[in-house]
Structures are given as C-alpha cells and as structure tokens.
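A.B. asks: Residue-level listing of the chains:
There are 2 protein chains.
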Amino acid sequence: MPPELAEAIERLSPAELHEAWPLLLPEDRIEAFRTLDPAVSDDFFLGLSAPNQAALLLALPEGERRLWMRLLAPDDAADVVQNVPTRDREGLLSLLDDVARHEVRGLLAYAEDDAGGLMNPRFARVRPDMTVDEAIIYLRRQVRERPGSLHYAYVTDQDQKLVGVISFSELFGARQDQKVSEIMRTSVVSAPESMDQEDLSRLFSRHHLVALPVVDAMGRLKGVVTADDIVEVISEEDTEDIQKMGGTEALGEPYLQIQLTDMIKKRAGWLSALFLGEMLTATAMGYFEGEIARAVVLALFVPLVISSGGNSGSQATTLVIRALALGEVRLKDWWRVVRREFLSGLGLGTILGSIGVVRIIAWQLLFHTYGNHAVVIALTVGFSLVGVVLWGTLAGSMLPFVLRRLGFDPASASAPFVATLVDVTGLIIYFTTAKIIMTGTLL
Amino acid sequence: MPPELAEAIERLSPAELHEAWPLLLPEDRIEAFRTLDPAVSDDFFLGLSAPNQAALLLALPEGERRLWMRLLAPDDAADVVQNVPTRDREGLLSLLDDVARHEVRGLLAYAEDDAGGLMNPRFARVRPDMTVDEAIIYLRRQVRERPGSLHYAYVTDQDQKLVGVISFSELFGARQDQKVSEIMRTSVVSAPESMDQEDLSRLFSRHHLVALPVVDAMGRLKGVVTADDIVEVISEEDTEDIQKMGGTEALGEPYLQIQLTDMIKKRAGWLSALFLGEMLTATAMGYFEGEIARAVVLALFVPLVISSGGNSGSQATTLVIRALALGEVRLKDWWRVVRREFLSGLGLGTILGSIGVVRIIAWQLLFHTYGNHAVVIALTVGFSLVGVVLWGTLAGSMLPFVLRRLGFDPASASAPFVATLVDVTGLIIYFTTAKIIMTGTLL
Numbered sequence: 001m002p003p004e005l006a007e008a009i010e011r012l013s014p015a016e017l018h019e020a021w022p023l024l025l026p027e028d029r030i031e032a033f034r035t036l037d038p039a040v041s042d043d044f045f046l047g048l049s050a051p052n053q054a055a056l057l058l059a060l061p062e063g064e065r066r067l068w069m070r071l072l073a074p075d076d077a078a079d080v081v082q083n084v085p086t087r088d089r090e091g092l093l094s095l096l097d098d099v100a101r102h103e104v105r106g107l108l109a110y111a112e113d114d115a116g117g118l119m120n121p122r123f124a125r126v127r128p129d130m131t132v133d134e135a136i137i138y139l140r141r142q143v144r145e146r147p148g149s150l151h152y153a154y155v156t157d158q159d160q161k162l163v164g165v166i167s168f169s170e171l172f173g174a175r176q177d178q179k180v181s182e183i184m185r186t187s188v189v190s191a192p193e194s195m196d197q198e199d200l201s202r203l204f205s206r207h208h209l210v211a212l213p214v215v216d217a218m219g220r221l222k223g224v225v226t227a228d229d230i231v232e233v234i235s236e237e238d239t240e241d242i243q244k245m246g247g248t249e250a251l252g253e254p255y256l257q258i259q260l261t262d263m264i265k266k267r268a269g270w271l272s273a274l275f276l277g278e279m280l281t282a283t284a285m286g287y288f289e290g291e292i293a294r295a296v297v298l299a300l301f302v303p304l305v306i307s308s309g310g311n312s313g314s315q316a317t318t319l320v321i322r323a324l325a326l327g328e329v330r331l332k333d334w335w336r337v338v339r340r341e342f343l344s345g346l347g348l349g350t351i352l353g354s355i356g357v358v359r360i361i362a363w364q365l366l367f368h369t370y371g372n373h374a375v376v377i378a379l380t381v382g383f384s385l386v387g388v389v390l391w392g393t394l395a396g397s398m399l400p401f402v403l404r405r406l407g408f409d410p411a412s413a414s415a416p417f418v419a420t421l422v423d424v425t426g427l428i429i430y431f432t433t434a435k436i437i438m439t440g441t442l443l
Numbered sequence: 444m445p446p447e448l449a450e451a452i453e454r455l456s457p458a459e460l461h462e463a464w465p466l467l468l469p470e471d472r473i474e475a476f477r478t479l480d481p482a483v484s485d486d487f488f489l490g491l492s493a494p495n496q497a498a499l500l501l502a503l504p505e506g507e508r509r510l511w512m513r514l515l516a517p518d519d520a521a522d523v524v525q526n527v528p529t530r531d532r533e534g535l536l537s538l539l540d541d542v543a544r545h546e547v548r549g550l551l552a553y554a555e556d557d558a559g560g561l562m563n564p565r566f567a568r569v570r571p572d573m574t575v576d577e578a579i580i581y582l583r584r585q586v587r588e589r590p591g592s593l594h595y596a597y598v599t600d601q602d603q604k605l606v607g608v609i610s611f612s613e614l615f616g617a618r619q620d621q622k623v624s625e626i627m628r629t630s631v632v633s634a635p636e637s638m639d640q641e642d643l644s645r646l647f648s649r650h651h652l653v654a655l656p657v658v659d660a661m662g663r664l665k666g667v668v669t670a671d672d673i674v675e676v677i678s679e680e681d682t683e684d685i686q687k688m689g690g691t692e693a694l695g696e697p698y699l700q701i702q703l704t705d706m707i708k709k710r711a712g713w714l715s716a717l718f719l720g721e722m723l724t725a726t727a728m729g730y731f732e733g734e735i736a737r738a739v740v741l742a743l744f745v746p747l748v749i750s751s752g753g754n755s756g757s758q759a760t761t762l763v764i765r766a767l768a769l770g771e772v773r774l775k776d777w778w779r780v781v782r783r784e785f786l787s788g789l790g791l792g793t794i795l796g797s798i799g800v801v802r803i804i805a806w807q808l809l810f811h812t813y814g815n816h817a818v819v820i821a822l823t824v825g826f827s828l829v830g831v832v833l834w835g836t837l838a839g840s841m842l843p844f845v846l847r848r849l850g851f852d853p854a855s856a857s858a859p860f861v862a863t864l865v866d867v868t869g870l871i872i873y874f875t876t877a878k879i880i881m882t883g884t885l886l
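Chains as they are written, first to last, in the numbering used here: chain L, 1 to 443; chain F, 444 to 886.
For reference, chain L alone in the conformation it holds in the complex (with noise of 0.2 Å):
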C-alpha cells in the first residue's frame, strides 16, 4: 500500500472504514484492519458481513484466525464457514472449542436461509416452577458459561417442551418468591425450523418482536431467531425482489462490487429473452406492413400507444409483486384482484384515452396536422389506449399470480416483461381498432 493511503487509512474512524471497506482491496483490508484500535476491532470485525468475515479470515495468518472465529456467535460462525471455499472449513471449524464447534456444526444442517440457519442455538432456559431468585441465580451461571446476546429467558419443561417466556427485564422486576409459571407469558409466538426466512420476517413485522424462538415438530426449543438478523434478511430479500423487478438477476453482491462480467451476464440473460420476446413486435408490425404503407400516420402513434400499456401493466405488477411479497394478498386472492384492476384499467384508460383525443384534436386545430383524418385517427388512438390500458393493466397484474402457481418467483413478472407482453398485443389491439374504425377512410 502507498504509505499516503496507509495514512488516510489510519485517520479513518471506524465507522467510515467500515464504509470504505468494499472499495479497498484485499491485502489492504488487512492493514487497515490491523491499524483499529482494539478497543473497536472486536465490534468492527462484528459489524462486518459474513462474506467480508470470510474474507478477512482467510487473509489473515492462521495464528491470528483462532481469536477472530471464536469472537462469533455460533450462528454467525456459521455464517462465516458458508461463505469460504469447502476446503477451507474444516480448518476454520478446527479453530472453535468443542461445545461451539458442534454447535456449528448442527446449524451448518439446516439451509441458510431457514430459521433453523438463522437461528443462534443459545439461549437462556428456565424451568417453570423455579422462584424468580433460583432462575436469576441459573440464568447467571449460563451466561457466565456461554456468553451471548440473550434478551428474554425461555421456560421448557422436562421435555425440553417450549411453554412459556419472559424477559430479563420481567425477572428483574417480580418479586424474588414469585415462581416463573405466575409471570411467564405463556402465549409465546414461536417459529418451525424449517420456516423459510421470508416468512419468519413476516412473523417478526406482524407481531413487533425482537426475538423469536424456534422448536422442532416435538415442540422443543432449538434456537433463537433475533430481529438484527432478520433486519439484515428483510433488506436482502427486498434487494432481490427490487432487482428483479426492474428485468436482472439478482446481483447477490453489492452494485460496486461485482466483477462487470459478471454484472453483465446477470443482466444479458433477462435482456435477451426480452428482445426475443419483443421480436414478435417486428412479426406483428409486419402484418399489418400494408395498412402503415396506406397511412403511414398510423405508424406515429404505435410507441404512444404500446408504452402507455407497458407502463400501466409496470404499475399494475408492482403493485401485485409487492403485495405478494408481504402478504397482503394470497394467491387465492385473484379474482378479487382482478376485478380491481379492471375498473383501475379501465379507469386508466379512459384518462389517457381522452387526452390522446384533445392532443389530436388540438393539433388538428393549431396546425392542421393530420389532414382530412383527424377524428377517425383520434377515434382509434382513443379507443386503442383505453383497450391496451385496459389489457396492460390486467396482465400485468396476473402474470405475478401465474409465476408464483408454477412455482417461479413473482417478482420475475418485471416491468420489462410485463412490457414486452404488453407491447405485442397492445400492436394487435392497436391496428386491429384502426382496421375496424378506419375501413373506408383511411385504410
């Protein structure tokens, strides 16, 4: 490293190394990192993403790695074991004790994004029929045995059955005779393992909770789920879904940070198919080759008329793709989206289709552009906008449906796509309105 970053490096603060970071490259992570007071490095190394973890472990010389990997969490040792090459776990599972490494080596069963890979498999348990002293006095000895980020102690009985909860703040104020069964919540929300992370979000948002715990089929308490990971989720599965949406692959790494062949190729793929789809427009406009030669005037309005039914079925998909995505709407919800949409897109429709008319008829006024034609042009711009609207507003709220019935991801029903579908038909639409209204006049 130039000695004059190395200095610029030093006189960061955390906080604004920790923003620099993905634009520093590996070796001098490592210097930077090195130069952290350490007072900060446990809480910068911490802050880090699983991946950037990975990274920086694998950089480091394997006597430094031991202190680095038993900073973690067990789920987020996990994590980090997930994100290096195969031939690299073992030796980093190696670095844990052994109450940690099997630890990590059960989450490292379940998949990454279920709560069973989410979870932290350290808790705090009480027994219900301990007094509020014997579970403090409990409490105190596994956390000294298992340091962790623990909020809320969970009540199992013999089973290891999950049958109620109540937060070190709870215990803290009840009086020290009272048994943990009169204070314990007994209506606790709890999650399977197998709940995908999507879900568990969803579960998190509705019931406004900061940790959740998770039991197998039995019942029994297996982990702990805590907001600040589904925080991290949220915003993941959001950035997919918003990429998606607006017609790539999901980048799965930041904008900055991803090799540009990469970034091309995740979006080559989706922008071919689309202008595959979208040469069916050439085909389409070839059909009707005759009519555009008799009134060329027809072929002006064909963008204005087709984007306006890409852009109302865009509106129409996200809107379905994001109440999809929160619930909101279930797939067996169609019909009643359906007839939403089709008063929206006739709605819709009706607007641009009245302004189509005044800008034709204005024009026709103030310079006389279209000739002798203006009101069967205007008739068939009107009517073309109201039935493409209409049409774009419709399928562009059901292909979300259709995906997500055959088992694709809704939010695939991109803008793009649902405007490349749009723009075919919405041809159709268009010139077979001005065959029926033009037949006589202009064609």
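Do not take every clue at face value.
Looking from chain L toward chain F, a few residues come up when the C-beta cut is under 7 Å (computed) [as the list claims (entries may be wrong)]:
hint, residue
1, 144
2, 230
3, 246
4, 289
5, 352
Mimicking DSBU-like on lysine-lysine, the simulated pairs with C-alpha atoms at most 35 Å apart in a straight line are [stated by the list, open to error]:
hint, chain 1, residue 1, chain 2, residue 2
6, L, 266, L, 332
7, L, 332, F, 709
8, L, 161, L, 179
9, F, 622, L, 332
10, F, 775, L, 265
11, F, 604, F, 622
12, L, 435, F, 708
13, F, 604, L, 435
14, L, 266, F, 775
15, L, 266, F, 709
16, L, 179, F, 622
17, L, 435, F, 775
18, F, 878, L, 266
19, F, 775, F, 709
20, L, 265, F, 604
Simulated from the structure, these hints should not be mistaken for laboratory data. Just so it is clear, the structure is predicted and the values come from calculations on it, not from any experiment. The beta-carbon is built from N, C-alpha and C at its ideal position, and this holds for glycine as well.
With chain L's structure known, arrange chain F on it following the hints.
C.D. replies: Same frame as chain L, but now just chain F:
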C-alpha cells in the same frame, strides 16, 4: 354481523384473525376482538399496526379504551395518537397516567419518521461507578416502576451523557463486585434525535443492532429505538420505493384495503405525466414520416429498438436506485457509475445488436422477408441497438443521481419514466442511424 360469519370468526386462531383483519368491516372487528380469549387479546392488540390500533380504540366504548391505551409503550401510544383525527387526540392522551402522558407528548414533538419519533423514552440506566450488584438492585427498581421491554442498561454520567452500555445478560454473567465501568462497552453506536428513519435502518443493518440509543446534541441519552420498530420501517420504506419504481405514487395502504378511487388517483398522475412525455414520440415520428413512407420496413423495427432501450434503462435505474437506498453508492460515486454503465451498455448493446442482425439475416435467408435490402436493414437495426441500449443504460443510471441532486426521491426514476425518456431519444437515434446507413439505397 350474520351469525354464520360470527361463528366462522370465533373459530379463527388469533394468527388467522390477524390475517383476516383487513377484510373485516369496522363493526365486525370489534365483535371479533371481543371473541378473543383474554389471555391472548393483549398480544393481539399489541400486534396490530398503529392505524388499526387507532381505529379499534375509537370504535370501542370510551370506558374500555383506557385499559388498551395503557397497555401501549409510550412510542406505540404516540403512533396511535398520530393516527386518530386531531379532535380525538386529547381524549386518548387523557386516558394515560401522568408520567406516560408526559412521555407521549414529548414524543409527539418529534417528526414521526425521525429517531426521536421512533424511540421509546423508557430505558434502563446505571452509573459507571456502581458495582454489578448495586446496578442490578437499581435496575430492579426502575423496571418495577416503569415496566417495558428492556434489553440493555445504558451507562450515563452525572450530566446524563451516554458513556457505555451493558446487556442485561452481561450484567448477569459478571462478578457481583465488579464495577459497571470495568465491564461496560464504551464504543457505543448511537444516533442523533433528528436522524431520518432510512439512515437509522442502515445503521441497524450495518452494526447488527437489537437496540440503538438516541442522544441529543449534547450527547445526553433521550431514548432507545429497538430492532422490531426498524423491521417495520425497512419494510415500509422498501414498499414505498418499490411502488415508486413501478411508476405509481406510494399507495400508503395495503393493496386490498385502499379505496379504488384513491388507487386510481395515485396511479393516474404518473401515468398521465408519462403519457404526455410519450406524446413526443408521435412528434418525433412525425419528423421521419417521409422516411417511413419511403421505407415502411423501418416502422416494423421501431417497437423492438425503442423497447430495448427502455428495458436496459429499467435495469440500470433499478440497480442504481437500490444501491443508493442501501448506501452502497453515494452521490459522489456518479462518475464510477458512469464508467461501469458505459461498459455494461456497450456490452449489452453489442449482444442485442448481434442477435438483431442474426435474426434479420436469418429471416432473409429463410423467407426472403426484406427484399434486396436485408443487409442495410440489418446494419441499421444492429447499430441502432448498440446506440439505444448504451444510451438507455446511461440515462437510466444517471436519472436517480439527477433526481437526488435536485432534492427528489431517486426512486421516482421508475422503469416507466426511464423507458419514456429513452423512447423519444431512441427514435431519434434509430432514424438518424437509418438515414446515415440507408441514404442511397432505401432512402
């Protein structure tokens, strides 16, 4: 309520009732709420969103409101008060006890989406010179007097300035005679009262936080924001962004709940604006009417060429908007983005251009579709595609920067907005390329 419906509702679990809630009429909601087992009705009420809590409270007879109002933490109570008509606010506030009312009034002075508006003013505090044992006794008293879901004890000096933090579980695990100052963490991430909720959620996500202390300009501790609130904030902010990126105003209500007229209003604005912009395509096409009349074949590829620009622009704007929202890219990175998108656009344009050329030549060989001019047509379409895709990519990636620079929300650089922008200019690129390549042959 018809008796069958009442029966059906009574059979619902609280979680199912939660899901069905948006579909129930206001009067049915009260009846349904009353069928709930008292053991779960607290959690059910606390799990409702603030607007739903507000509506339910107002629908209940005055005598019943007090109980529910007092169940709410001060920050949640403030949210509820903000969700009722102004004339009902004092009534609800008067139901609280004096301390809580004072706290809620304090919170109402903050903007709803600032750290100050999101924070809970109840937190547990200890002094640095207390022993662990003293701290626990002191915390017990605080928790008993002002119960709440507390996860950390904040260490403040005699000026109420935040000097450290310690989790309840760390206190539990420490030796009883240790000083708080010896075991507390001193590198505390905190937020100013005025921090916007979007920046706040980035802070939570970057540092994996469960709770974040909020301090005033003097560094004095004012309250604590917890991750469960942030989970909601992130989801709401993303929903707004996604809806804007789809080319509508943010709905602000769940899809199936918003009045149809309101939804049409929120969609018609952008759709009409884009339609007016798209009218320029008719004007642009008008300039090239002569060329189209001479070579109708040119018109056939208009949708294909301009939609490719729109699709590539949609990809670019989506990726950049999201990267800006996540803080992966900042305003000052615009030039790095230009360079990346220039190369991406060139690459993607070349891919699409090549597919276009192959398609035209293939059709020519197979069906002799394009008469004697297949080669100039193929070249025109091919080169236009490179130009239009490159331009779409650059325009799409820069528009969010321009909007943010001008003080607008970058998410308004929606796929339809970019597509409209690129349609007009794409036509000019296409017909200009045609003129250059075809003059002397087709034109």
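A.B. asks: Are the hints correct? Go through all of them and say.
C.D. replies: These are the hints, each one checked on the structure:
| no. | hint | in the structure |
| --- | --- | --- |
| 1 | 144 | holds (4 Å) |
| 2 | 230 | holds (6 Å) |
| 3 | 246 | holds (2 Å) |
| 4 | 289 | holds (6 Å) |
| 5 | 352 | holds (5 Å) |
| 6 | 266/L with 332/L | holds (32 Å) |
| 7 | 332/L with 709/F | holds (25 Å) |
| 8 | 161/L with 179/L | holds (18 Å) |
| 9 | 622/F with 332/L | violated (60 Å) |
| 10 | 775/F with 265/L | holds (26 Å) |
| 11 | 604/F with 622/F | holds (18 Å) |
| 12 | 435/L with 708/F | holds (33 Å) |
| 13 | 604/F with 435/L | violated (78 Å) |
| 14 | 266/L with 775/F | holds (25 Å) |
| 15 | 266/L with 709/F | holds (33 Å) |
| 16 | 179/L with 622/F | holds (30 Å) |
| 17 | 435/L with 775/F | violated (53 Å) |
| 18 | 878/F with 266/L | holds (34 Å) |
| 19 | 775/F with 709/F | holds (32 Å) |
| 20 | 265/L with 604/F | violated (52 Å) |
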